[in-house]
Amino acid sequence: MNRLLNLVALLKAPPAAARAGKAPHPFWAIVDKEVSDHLRSWRFNILLVLILLTCFGSLYISVTNIGKAVKPDDPDGAFFFLKLFTASDGTLPPFHVLIGFLGPLLGISLGFDAINSEQNGGTLSRIMAQPIHRDYLINGKFVASLIVISVLFFALGFLVMGLGLIIIGVPPTAGEFLRIVFFILLNILYVAFWLNLSILFSVLLRQAATSALAGIAVWLFFTIFYQIIVKLVAKALMPSEMASQQAVLHYQELVLNLFRIVPSQLFSDATTTLLMPSVRSLGPLTMEQVYGAIPSPLPLGQSLLIVWPQLTGLIAATVVCFALSYFSFMKREIRPR
Amino acid sequence: MSEYIISLAGLTKKYGALTAVDQLDLSIRKGEVFGLLGPNGAGKSTTILMMLGLTEPTSGTVQVCGINATMHPVEVKKRVGYLPDEVGFYEHRSGLENLLYTARLNRMPVQEATERACQLLKRVGLYESAHKKTRTYSRGMRQRLGLADVLIKNPEVIILDEPTLGIDPRGVREFLDLIVQLSREERITVLLSSHHLHQVQQVCDRVGIFVGGRLLAEGDIPTLSEKLFAGEPYIIEAGVQSPLDTAHLQQVLQGIEGIRSIQLSNGLFRIGCHRDVTSAIAGAIVRSGLELIHLHRKTYGLDDIYNRYFEGGPIYEQTA
Numbered sequence: 000m001n002r003l004l005n006l007v008a009l010l011k012a013p014p015a016a017a018r019a020g021k022a023p024h025p026f027w028a029i030v031d032k033e034v035s036d037h038l039r040s041w042r043f044n045i046l047l048v049l050i051l052l053t054c055f056g057s058l059y060i061s062v063t064n065i066g067k068a069v070k071p072d073d074p075d076g077a078f079f080f081l082k083l084f085t086a087s088d089g090t091l092p093p094f095h096v097l098i099g100f101l102g103p104l105l106g107i108s109l110g111f112d113a114i115n116s117e118q119n120g121g122t123l124s125r126i127m128a129q130p131i132h133r134d135y136l137i138n139g140k141f142v143a144s145l146i147v148i149s150v151l152f153f154a155l156g157f158l159v160m161g162l163g164l165i166i167i168g169v170p171p172t173a174g175e176f177l178r179i180v181f182f183i184l185l186n187i188l189y190v191a192f193w194l195n196l197s198i199l200f201s202v203l204l205r206q207a208a209t210s211a212l213a214g215i216a217v218w219l220f221f222t223i224f225y226q227i228i229v230k231l232v233a234k235a236l237m238p239s240e241m242a243s244q245q246a247v248l249h250y251q252e253l254v255l256n257l258f259r260i261v262p263s264q265l266f267s268d269a270t271t272t273l274l275m276p277s278v279r280s281l282g283p284l285t286m287e288q289v290y291g292a293i294p295s296p297l298p299l300g301q302s303l304l305i306v307w308p309q310l311t312g313l314i315a316a317t318v319v320c321f322a323l324s325y326f327s328f329m330k331r332e333i334r335p336r
Numbered sequence: 000m001s002e003y004i005i006s007l008a009g010l011t012k013k014y015g016a017l018t019a020v021d022q023l024d025l026s027i028r029k030g031e032v033f034g035l036l037g038p039n040g041a042g043k044s045t046t047i048l049m050m051l052g053l054t055e056p057t058s059g060t061v062q063v064c065g066i067n068a069t070m071h072p073v074e075v076k077k078r079v080g081y082l083p084d085e086v087g088f089y090e091h092r093s094g095l096e097n098l099l100y101t102a103r104l105n106r107m108p109v110q111e112a113t114e115r116a117c118q119l120l121k122r123v124g125l126y127e128s129a130h131k132k133t134r135t136y137s138r139g140m141r142q143r144l145g146l147a148d149v150l151i152k153n154p155e156v157i158i159l160d161e162p163t164l165g166i167d168p169r170g171v172r173e174f175l176d177l178i179v180q181l182s183r184e185e186r187i188t189v190l191l192s193s194h195h196l197h198q199v200q201q202v203c204d205r206v207g208i209f210v211g212g213r214l215l216a217e218g219d220i221p222t223l224s225e226k227l228f229a230g231e232p233y234i235i236e237a238g239v240q241s242p243l244d245t246a247h248l249q250q251v252l253q254g255i256e257g258i259r260s261i262q263l264s265n266g267l268f269r270i271g272c273h274r275d276v277t278s279a280i281a282g283a284i285v286r287s288g289l290e291l292i293h294l295h296r297k298t299y300g301l302d303d304i305y306n307r308y309f310e311g312g313p314i315y316e317q318t319a
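Residue numbers (numbering that gives the first Met the number 0), protein chains in the order written: chain C, 0 to 336; chain E, 0 to 319.
Note that these hints are calculated values from the structure, not bench results.
Any given hint could turn out to be false.
[Stated by the list, open to error] Pairs of lysine to aspartate or glutamate, EDC-like flavour, derived with a Cα cap of 20 Å:
(1) K32/C <-> E184/E
(2) K297/E <-> D219/E
(3) K121/E <-> E96/E
(4) K29/E <-> E184/E
(5) K77/E <-> D36/C
(6) K132/E <-> E184/E
(7) K330/C <-> E55/E
(8) K131/E <-> E332/C
(9) K32/C <-> D219/E
(10) K13/E <-> E332/C
(11) K132/E <-> E252/C
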């Protein structure tokens, strides 16, 4: 209970302190410094330019193709505005795929040197000798990066919406707007996962370069090699043509679940469902299940219900990474250099 | 409140089979400058880390300003400033910004912090470089900025771990003078760890000799030499022109009462005595027909105290 009260006091600290004209809580001093470090760094600015470029590129492609994207019998036809985020002619992937690709890079680059650079620079023991709890540093760094990511994605999302609004002249419905907001939140969650993974590496590995490489290695493994491995396994397990429908169904679900170990698969499942309301299942459907179904879009609540396992999985992976880095950082002895 | 501001009792720290600090008892009075002297790897840094609650002792207690440092590290760190041996700053920030960040972590209001930071920067002679990025600072400048950084929180105790490492001799003197001045003016207790005995001798009121995780001796320098050289309070160094071995000299000096030991080192004989027999030794050597070219009666400095412990002693070998 006391801890909870402390936490509440911590969260309340900045406005209360500002009113009294006193210094802010040290936790916010750390967050403040980390945010400004990110914004001043070349690394973040390069990534920002990269993301802005891809963002506008995909917006351009989707705007030029949006006319072709709407077909008369398309169940998503009612969600014209969402096409901004998904329409493409194949030259450049649509917005959500691009973010799925660049997000990990952003997350890794914001976190890979969080702790080890402080250690190597000799600042860690100096900061730890100040009257702050040890977890302030790691929490502060995480919160700061999260703030930067959130502001970036909300700005980007709303920018695309605003520009789209001006160019195509069709306002989004409330449902579409909410879907986009959830899509942005999902992006933030996805980047937060990679951020935590790279913070974990920065606690475990002494050299910043090694930890960056480790992060990128995990990312490459999941995006390229894991797919190949799963396909190999799938081929080996393929049931014979005489197999029962049940067996084929089982097999398909197994392969899908193997794919879903990867966070990027969870992310792309979730984004597709959110941005294409006509998606009504992420697994195989039997003829009986589809029989009689009207190909109409799902309401937002139902779409969210479909991606709930994906969301939970992503949150769990993020929390596990954070817990591991928190644990190993708290146990560590802080020696100067 | 007790008179002691730092007191360690039965402090032990083990890393697996290695005992870094072994049953350490140490008390430091308020306002004194205490030197922790020992070779590299003697456990000085580990002891300091335990005082700040940055690492947990295996057994024993640490009380700093009357607070248990293991249980309440944050309270201790409010009162204690710590300068690690290789202090680092955020390189892309200026010296002033680095100080202000520390002040903010200590919950100091911005205005007060700025005033104090400027005052301290003037004091350590970095006012002109306050707005330069710290990556352009030299080693000595960093160390002085480190001192300002330690002082910005108005500490009762400052702990300096090897603060003079890698600074040129003039810089060292200025730095040490600054520390002594601060300690006297603001009544700050200073704990200084070093393996450089001259510097410790120069500034410290009391010294503790720390080898292999144990405190071998503590006290001011006269007390220490008395304690350590109880049998041989006098050392006479004698040099003779012609080569000579110890046995021969022993023969020459046979008749003189009070000689305890004779050692040959670097061409000089070190004769340990329990009373002052300098003139008798000189007489005996001259009478025997040997050409006496050097005769010196030594008083003990930290050098000798140091040598006494580290010269080929088994204790040193263990820690090296």
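Tested hints:
1. K32/C <-> E184/E: At roughly 34 Å apart (the allowed maximum being 20 Å), E184/E and K32/C break the hint.
2. K297/E <-> D219/E: holds, 18 Å
3. K121/E <-> E96/E: holds, 15 Å
4. K29/E <-> E184/E: holds, 13 Å
5. K77/E <-> D36/C: violated, 26 Å
6. K132/E <-> E184/E: violated, 31 Å
7. K330/C <-> E55/E: holds, 10 Å
8. K131/E <-> E332/C: Given that 20 Å is the threshold and the Cα spacing comes to 32 Å, the pair is violated.
9. K32/C <-> D219/E: Outside the cut-off at roughly 45 Å; violated.
10. K13/E <-> E332/C: Since the Cα atoms of K13/E and E332/C sit roughly 13 Å apart, the hinted pair holds (cutoff 20 Å).
11. K132/E <-> E252/C: violated, 58 Å
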